[in-house]
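*Asks:* The whole structure should be built from the sequences, with the hints applied where relevant.
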Amino acid sequence: MPHLFIDIFDVNQLFSSLIGGILYSFGISFLLPTFVIILVKEKEDRIVRMMKMHGLSSTVYYFTHYLHFYILYIITSAFLIVTGYFLKLTFFTLTDPWLIVILFFIWGHIQIAMAFLLSTFFKRSRNALVITFVIVLCSVIFAFGIELVNTPLNGNSSPLFYFVWPPFAFYRAMSIINHSSFLVDLLPMKLSDLQPGNEVFNAVTALTIEYFILMCLTIYYYLVIPSEYGVNKSWNFICSQLFAQPLRFITPTALEAGKYVNGDEDVINERKNVLSDQYSDKPLLVKNITKIYNNGKVAAKNIAFAAEYGTIFGLLGPNGAGKTTLINVLTGLYKQTEGDATLNGLSISTSINDIYRDIGVCPQLDILWDNLTVEEHLLFYARIRGIPLSKERDAVYSSLKEAQLLSLKSKLAENLNNRERRRLSIAIALVGDPAIIFLDEPTTGLDPESRRQIWKIIVGSGKKLSSINNNSNENITSKNNRTIILATHSMEEAEVLCNRIGIMSRGTLRCIGAPSRLKQLYGRGFRLNFSCKNENLEKATVYIETLLPLSAKKLYSFATKVSYEFEARPGFLSKIFKEVERDKEENGIDNWGLSQTSLEEVFLNVIGEIDTEIEYILNE
Numbered sequence: 001m002p003h004l005f006i007d008i009f010d011v012n013q014l015f016s017s018l019i020g021g022i023l024y025s026f027g028i029s030f031l032l033p034t035f036v037i038i039l040v041k042e043k044e045d046r047i048v049r050m051m052k053m054h055g056l057s058s059t060v061y062y063f064t065h066y067l068h069f070y071i072l073y074i075i076t077s078a079f080l081i082v083t084g085y086f087l088k089l090t091f092f093t094l095t096d097p098w099l100i101v102i103l104f105f106i107w108g109h110i111q112i113a114m115a116f117l118l119s120t121f122f123k124r125s126r127n128a129l130v131i132t133f134v135i136v137l138c139s140v141i142f143a144f145g146i147e148l149v150n151t152p153l154n155g156n157s158s159p160l161f162y163f164v165w166p167p168f169a170f171y172r173a174m175s176i177i178n179h180s181s182f183l184v185d186l187l188p189m190k191l192s193d194l195q196p197g198n199e200v201f202n203a204v205t206a207l208t209i210e211y212f213i214l215m216c217l218t219i220y221y222y223l224v225i226p227s228e229y230g231v232n233k234s235w236n237f238i239c240s241q242l243f244a245q246p247l248r249f250i251t252p253t254a255l256e257a258g259k260y261v262n263g264d265e266d267v268i269n270e271r272k273n274v275l276s277d278q279y280s281d282k283p284l285l286v287k288n289i290t291k292i293y294n295n296g297k298v299a300a301k302n303i304a305f306a307a308e309y310g311t312i313f314g315l316l317g318p319n320g321a322g323k324t325t326l327i328n329v330l331t332g333l334y335k336q337t338e339g340d341a342t343l344n345g346l347s348i349s350t351s352i353n354d355i356y357r358d359i360g361v362c363p364q365l366d367i368l369w370d371n372l373t374v375e376e377h378l379l380f381y382a383r384i385r386g387i388p389l390s391k392e393r394d395a396v397y398s399s400l401k402e403a404q405l406l407s408l409k410s411k412l413a414e415n416l417n418n419r420e421r422r423r424l425s426i427a428i429a430l431v432g433d434p435a436i437i438f439l440d441e442p443t444t445g446l447d448p449e450s451r452r453q454i455w456k457i458i459v460g461s462g463k464k465l466s467s468i469n470n471n472s473n474e475n476i477t478s479k480n481n482r483t484i485i486l487a488t489h490s491m492e493e494a495e496v497l498c499n500r501i502g503i504m505s506r507g508t509l510r511c512i513g514a515p516s517r518l519k520q521l522y523g524r525g526f527r528l529n530f531s532c533k534n535e536n537l538e539k540a541t542v543y544i545e546t547l548l549p550l551s552a553k554k555l556y557s558f559a560t561k562v563s564y565e566f567e568a569r570p571g572f573l574s575k576i577f578k579e580v581e582r583d584k585e586e587n588g589i590d591n592w593g594l595s596q597t598s599l600e601e602v603f604l605n606v607i608g609e610i611d612t613e614i615e616y617i618l619n620e
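In full-length UniProt numbering, the protein residues as written are 1 to 620.
Be careful, since some hints might not be right.
Here are the simulated DSBU-like pairs of lysine-lysine, each with C-alpha atoms no more than 35 Å apart in a straight line [stated by the list, open to error]:
{"#": "1", "residue 1": "Lys391", "residue 2": "Lys456"}
{"#": "2", "residue 1": "Lys584", "residue 2": "Lys539"}
{"#": "3", "residue 1": "Lys578", "residue 2": "Lys553"}
{"#": "4", "residue 1": "Lys123", "residue 2": "Lys335"}
{"#": "5", "residue 1": "Lys272", "residue 2": "Lys282"}
{"#": "6", "residue 1": "Lys578", "residue 2": "Lys554"}
{"#": "7", "residue 1": "Lys282", "residue 2": "Lys297"}
{"#": "8", "residue 1": "Lys456", "residue 2": "Lys519"}
{"#": "9", "residue 1": "Lys391", "residue 2": "Lys411"}
{"#": "10", "residue 1": "Lys391", "residue 2": "Lys401"}
{"#": "11", "residue 1": "Lys456", "residue 2": "Lys411"}
{"#": "12", "residue 1": "Lys533", "residue 2": "Lys584"}
{"#": "13", "residue 1": "Lys411", "residue 2": "Lys123"}
{"#": "14", "residue 1": "Lys335", "residue 2": "Lys272"}
{"#": "15", "residue 1": "Lys533", "residue 2": "Lys519"}
{"#": "16", "residue 1": "Lys401", "residue 2": "Lys411"}
{"#": "17", "residue 1": "Lys584", "residue 2": "Lys561"}
{"#": "18", "residue 1": "Lys401", "residue 2": "Lys282"}
{"#": "19", "residue 1": "Lys519", "residue 2": "Lys272"}
{"#": "20", "residue 1": "Lys41", "residue 2": "Lys409"}
{"#": "21", "residue 1": "Lys456", "residue 2": "Lys409"}
{"#": "22", "residue 1": "Lys282", "residue 2": "Lys335"}
{"#": "23", "residue 1": "Lys539", "residue 2": "Lys554"}
{"#": "24", "residue 1": "Lys539", "residue 2": "Lys575"}
{"#": "25", "residue 1": "Lys272", "residue 2": "Lys297"}
{"#": "26", "residue 1": "Lys391", "residue 2": "Lys282"}
{"#": "27", "residue 1": "Lys282", "residue 2": "Lys519"}
Quick caveat, the hints were computed from the structure, so don't treat them as lab data.
All values reported here derive from a predicted model rather than from experimental measurement.
*Replies:* See the structure below:
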């Protein structure tokens, strides 16, 4: 019987040593990769920027995650401690519980601080998961190897530099406490043993100091490390703010980019008015925004324009023209290389967090949570915007109604089709009634019927200027007259929705104005189309050609249908309309019509001029 007791005690001693040396340390540290991947994944998927663009401050975001992570850590630690007591492991049963609580309390904060710091260095969640897991595993294995050589029985204390890496300090403290709990030559540790000179005391002190160092480094690297999305500060921003602003560095590529032409006369006049503060009362002012990527590509060059209250301003251009880049700059997703912009009087360079509270953004790609319903998405963003609890239901209902989602409010996002997901993204942009809304390619990939449904939502939400009662006494600066910035490559969409249009190509704003103004400047005038019976074709053609200017051009003559293109002097259209209506039956004309040049033709003409100018520059 005594022999059996000795065997059991030896097994318990060996098991406690093994658990305390390896599994305690690893079991309480494995949450670090989880914390890091959560932070990096939200950054990678633009969820962080999406929430910030709708009013969430960085402080609230990280505080919420801090609290969330620590609750997870408490649950994990409690499970480990209860399991240890249940298995009667000497580490838990003989050691002063307050000592364990203090050590675990500090280690939880250290893990979260390390997770915040490590997350600033990663852009992809897969890399973050692998590397942080390897860091934890290598730290545990290395520390365990050191403990085999330098056990508490040897009486040797670890050098202070060993505690510089927080996991080593924690694992050393765990090892000393564990050995003290089961080795006959040592006494279980008590809280009163934590005194200067004690190695556990040194480890706890080192961890406390390192926590504040890690948090300071996290804040610094969060602000200065260049990220794919977001605005970062220069590495010496602290010194530059205390003393003087450093000179801006202009790359040769940026200087070379200045050779590109920069718009027509209307664009030049728009820039002058913006820079001379003649448009200071406008809700959106873009002041010579330039964006040059690190690889030297000029995505936007000297963009300047203003947007009115109650209008839909269209940014029209082919893919790669710089529309999305410009929107990303205006919403704080990218930092501009040069220039500035003001939204409701606030600068994107200095007040982007304040701007977020009064703008709505519908990104090019839907950023949604599949496990949340439509209504839950809107409730979440309503709370981010700080809408009072008593009004958030009304705000959500209003957005659901505007986006025609009332019947889908209880449906999970993962069960929505593409059209419904786009409407939800637009509804998110509308929640809280923001004064300025950015819509980036809101109908891309949708069928014609779905596009028209989205158009009705956009026109209704923006309250297009043409639909506003001119006799109304409503203050035009109210949020009911939203300003909408619409980026699109669809000419039809721009013509149907927009009061003003800016056509972009190769990163420059080429022309700006109302659709009718652009047609007048860049169109080829007007078109006259007619049809008749085959036997009357020659007679009708001769008659029409006598009415049109000599410069008129026949576009096509197919079967019994003919089309001409011409430029009209003032009063000419009314004259030709009267004469054709009067003489059409006499000249055998069955049907006819007059139309202005389409916006698509304007777009092709503008792009054609750019290609010619660029080719000329390159050949110089």
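*Asks:* Now tell me, hint by hint, if it's right for this structure.
*Replies:* Against the structure, the hints:
no. : hint              : verdict
1   : Lys391 <-> Lys456 : holds (26 Å)
2   : Lys584 <-> Lys539 : holds (11 Å)
3   : Lys578 <-> Lys553 : holds (21 Å)
4   : Lys123 <-> Lys335 : holds (17 Å)
5   : Lys272 <-> Lys282 : holds (15 Å)
6   : Lys578 <-> Lys554 : holds (21 Å)
7   : Lys282 <-> Lys297 : holds (31 Å)
8   : Lys456 <-> Lys519 : holds (24 Å)
9   : Lys391 <-> Lys411 : holds (22 Å)
10  : Lys391 <-> Lys401 : holds (15 Å)
11  : Lys456 <-> Lys411 : holds (22 Å)
12  : Lys533 <-> Lys584 : holds (12 Å)
13  : Lys411 <-> Lys123 : holds (32 Å)
14  : Lys335 <-> Lys272 : holds (23 Å)
15  : Lys533 <-> Lys519 : holds (32 Å)
16  : Lys401 <-> Lys411 : holds (15 Å)
17  : Lys584 <-> Lys561 : holds (15 Å)
18  : Lys401 <-> Lys282 : holds (29 Å)
19  : Lys519 <-> Lys272 : holds (23 Å)
20  : Lys41 <-> Lys409  : holds (27 Å)
21  : Lys456 <-> Lys409 : holds (19 Å)
22  : Lys282 <-> Lys335 : holds (22 Å)
23  : Lys539 <-> Lys554 : holds (16 Å)
24  : Lys539 <-> Lys575 : holds (20 Å)
25  : Lys272 <-> Lys297 : holds (26 Å)
26  : Lys391 <-> Lys282 : holds (29 Å)
27  : Lys282 <-> Lys519 : holds (25 Å)
Consistency note: the structure conflicts with none of the earlier hints.
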